[in-house]
Amino acid sequence: MKLSIQLGNLVLENPIIIASGVFSPDSASYFPIEAIGAIITKTVTPRPREGNPPPRLLETAAGLINSIGLQNVGIERFIEEELPRYMELGVPIIVSISGETEADFPLMAERLRGKGIAGIELNLSCPNVQRGGMHFGRDAETVFRIVREVKDASSLWVMPKLTPQARDIVETALAGEEGGADAISLVNTFLAMAIDIRARSSRLGTLMGGLSGPAIKPIALRMVYEVARAVRIPVVGCGGIMNAEDALEFLIAGASAVEIGTACLINPSIPAEILDGIRKFMEEEGIDDIRELIGSLKIKPLDI
Amino acid sequence: MKGSFKAKVISKRFLSDDVFLLKLREPIIAEESLPGQFVNLRCSSIYEPLLRRPLSIYDVEEDNFLLLIRIIGKGTKLLSLVREGDELDVLGPLGNPFPYRMYKNPLLVAGGIGIAPLHFLLKKLSFPILLFGARSKSELYGLEDLTKIARVIPFTEDGSEGERGLVTTRLKEFLKGHDVIFACGPMGMLREVVTIAKDVGVPSYISLEERMACGFGACLGCAVKTKKGYKMVCKDGPVMPGEEVII
Ligand SMILES: Cc1cc2nc3c(=O)[nH]c(=O)nc-3n(C[C@H](O)[C@H](O)[C@H](O)COP(=O)(O)OP(=O)(O)OC[C@H]3O[C@@H](n4cnc5c(N)ncnc54)[C@H](O)[C@@H]3O)c2cc1C
Ligand SMILES: Cc1cc2nc3c(=O)[nH]c(=O)nc-3n(C[C@H](O)[C@H](O)[C@H](O)COP(=O)(O)O)c2cc1C
Ligand code: FES
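Heads up: the sequence lines are chains A and B, in that order.
When we follow the numbering used here, the leftmost residue of the first sequence carries the number 1, and every step to the right adds one.
When we follow the numbering used here, the leftmost residue of the second sequence carries the number 1, and every step to the right adds one.
Please keep in mind that the hints were generated in silico from the structure rather than gathered at the bench.
Hints may be right or wrong, so weigh each one.
Think about it this way: if two alpha-carbon atoms lie no more than 20 Å apart in a straight line, the pair counts; the simulated SDA-like pairs of lysine to any residue are [what the hints assert, rightly or not]:
#, chain 1, residue 1, chain 2, residue 2
1, B, Lys231, A, Ala28
2, A, Lys151, A, Asp104
3, B, Lys6, A, Pro32
4, B, Lys235, A, Glu50
5, B, Lys225, A, Ser202
6, B, Lys6, A, Ser269
7, B, Lys235, A, Gly51
8, B, Lys123, B, Pro154
9, B, Lys231, A, Glu82
10, B, Lys12, B, Asp89
11, B, Lys225, A, Pro48
12, B, Lys228, A, Arg47
The whole structure should be built from the sequences, with the hints applied where relevant.
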């Protein structure tokens, strides 16, 4: 049975990728490393960030709102202290980067050259301080420029991660492709709120946070389908994947691989369980190569 | 790999309308757990509620461990409905214990359900002093059993048991001769404990709570502010030095 997939020139043993923000080298012992196709690091930024004030988490119906605030040690300490520990795991490591300005992205990509990483994911769901805090990923033009500059600055494999807050998700994906992206991942969390009705204030330490988990899956799936249909580069699907069936839906919708976020926090052995479930499904369906599943959605004539 | 365990429910016993003791069987957790550590528990086999719920280890007995649980929402309500023989998905033991081996004569301070981790701690010490406060007698959970393993000084806000008032009212007095405070309870109580400990110049260790997702340090969700920046309650705590935490 063939489970390996290709994201441009990056070959993964299987399509299960740990999404950014739900893994740390310290917690590696909780994860079934051998069942993981690739790990995306917690997003790193040019300078250290202490993160947002608590509470940073709020459970909602079938979902989780987080406002971690990209807490991280900054690229220099990351390269020195954390990256070697990621690299020891023996799994392809994709480093998630973000910046405060567009120019931060290529500078960080340059710093990551020659470190043996599998590639870079661009976290575009963060505020652009030069444009009034508007998220980079809102605007297709910006995504195009960032991807191109990162590609120019390094020979690394690059995958922009789209935000569902994009004005037009398909247009944004196409802009990423035009900029030279090797693959596209989507989606990041949905901007969300929750209010304490007695205190008349946010139930999080910040006004807004990002919604993840089963609540977002149907919308994420629709976006992945639309993007996969529009671009020629591989798409990595993400959003609310809790089990093998969910993962298979994304593959059938056109994703070549999937990222698992929230589910890892609840059950860190989930990557192995999902992979097993996919294997079993392929066996039942008589499918020998997982690539046969990718984009295999049948569309009724009326749907078009 | 440190996976989660399927722990079998051995027994469930209500101590009041909304507080119950749950005994679960899992030899590895029972063997490895130290006082102050917690487990992160799924309350149902489906993802509803979505996240696990953190609960302190109340005790261990041979291959079993016990939890003292107060029903405050849907997760704890579901847990209160489990039956003998059911299996629960448990991750743990997690977090850092009270550093009880480093001190000779600790004073323990508990408020209400905060007794949970201190009960386990008491059993590792030889008849220590425990100041145990609650709103009223019915919230001094397991008081009778506690008096067999510690010198318990109860406080209630309504005077229904022991001294009337907060557990911290006479803390300074009781602190004489002790070289450390171990405390768990509501934020207000912990704040007071830390202030008094600082005044007297005695170290304090407090067990903190914060909303959690993973419980093992991956999500950076359970942040608490400390003098050294944000720390994670699940990984750097839940027991933390009182002097360091900014509460
Ligand atoms: C390390 C640690 C150890 C803990 N040990 C114990 C223990 O031994 N026994 C025990 O009974 N509880 C303990 N708790 C608290 C317990 O985890 C929560 O009570 C539980 O998660 C609530 O889940 P729920 O689904 O019942 O409530 P939810 O439906 O999640 O919440 C119901 C309501 O209570 C509020 N709430 C949720 N959590 C808390 C909290 N921690 N404090 C105050 N209000 C809250 C919510 O905001 C909401 O309004 C511990 C917490 C931590 C972090
Ligand atoms: C606690 C938490 C932290 C996250 N941190 C990051 C991050 O640092 N960078 C990023 O690109 N996405 C981050 N995400 C988003 C996830 O990678 C993922 O895109 C999103 O949660 C949707 O997938 P899910 O429903 O499987 O979780 C985070 C999500 C969670 C729940
Ligand atoms: S709960 Fe995830 S880091 Fe503490």
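For each hint, the structure was consulted:
Restraint check for Lys231 of chain B and Ala28 of chain A: satisfied, since their Cα atoms lie roughly 19 Å apart, inside the 20 Å limit. Our distance criterion of 20 Å between C-alpha atoms is met by Lys151 of chain A and Asp104 of chain A, whose separation comes to about 13 Å. For the suggested pair Lys6 of chain B and Pro32 of chain A, the alpha carbons sit about 17 Å apart, so the restraint of at most 20 Å is met. The hinted pair formed by Lys235 of chain B and Glu50 of chain A meets the criterion: a straight-line CA distance of about 17 Å does not exceed 20 Å.
Proximity of Lys225 of chain B to Ser202 of chain A is assessed by CA-CA distance (about 19 Å); at most 20 Å being required, the pair is judged to hold. The hinted pair formed by Lys6 of chain B and Ser269 of chain A meets the criterion: a straight-line CA distance of about 13 Å does not exceed 20 Å. Straight-line distance between C-alpha atoms of Lys235 of chain B and Gly51 of chain A comes to about 16 Å, which keeps the hinted pair within the 20 Å bound. Between Lys123 of chain B and Pro154 of chain B, the direct Cα distance comes to roughly 18 Å. Compliance with the 20 Å bound is thereby established for this hinted pair.
The hinted pair formed by Lys231 of chain B and Glu82 of chain A meets the criterion: a straight-line CA distance of about 17 Å does not exceed 20 Å. Note on Lys12 of chain B and Asp89 of chain B: the hinted pairing holds, with a Cα-Cα distance of about 16 Å set against a maximum of 20 Å. Proposed proximity of Lys225 of chain B and Pro48 of chain A is supported: the alpha carbons are some 16 Å apart, at most 20 Å. Simply put, Lys228 of chain B and Arg47 of chain A have alpha-carbon atoms about 17 Å apart, close enough for the 20 Å limit, and the pair holds.
Of the numbered hints stated above, none is contradicted by the structure.
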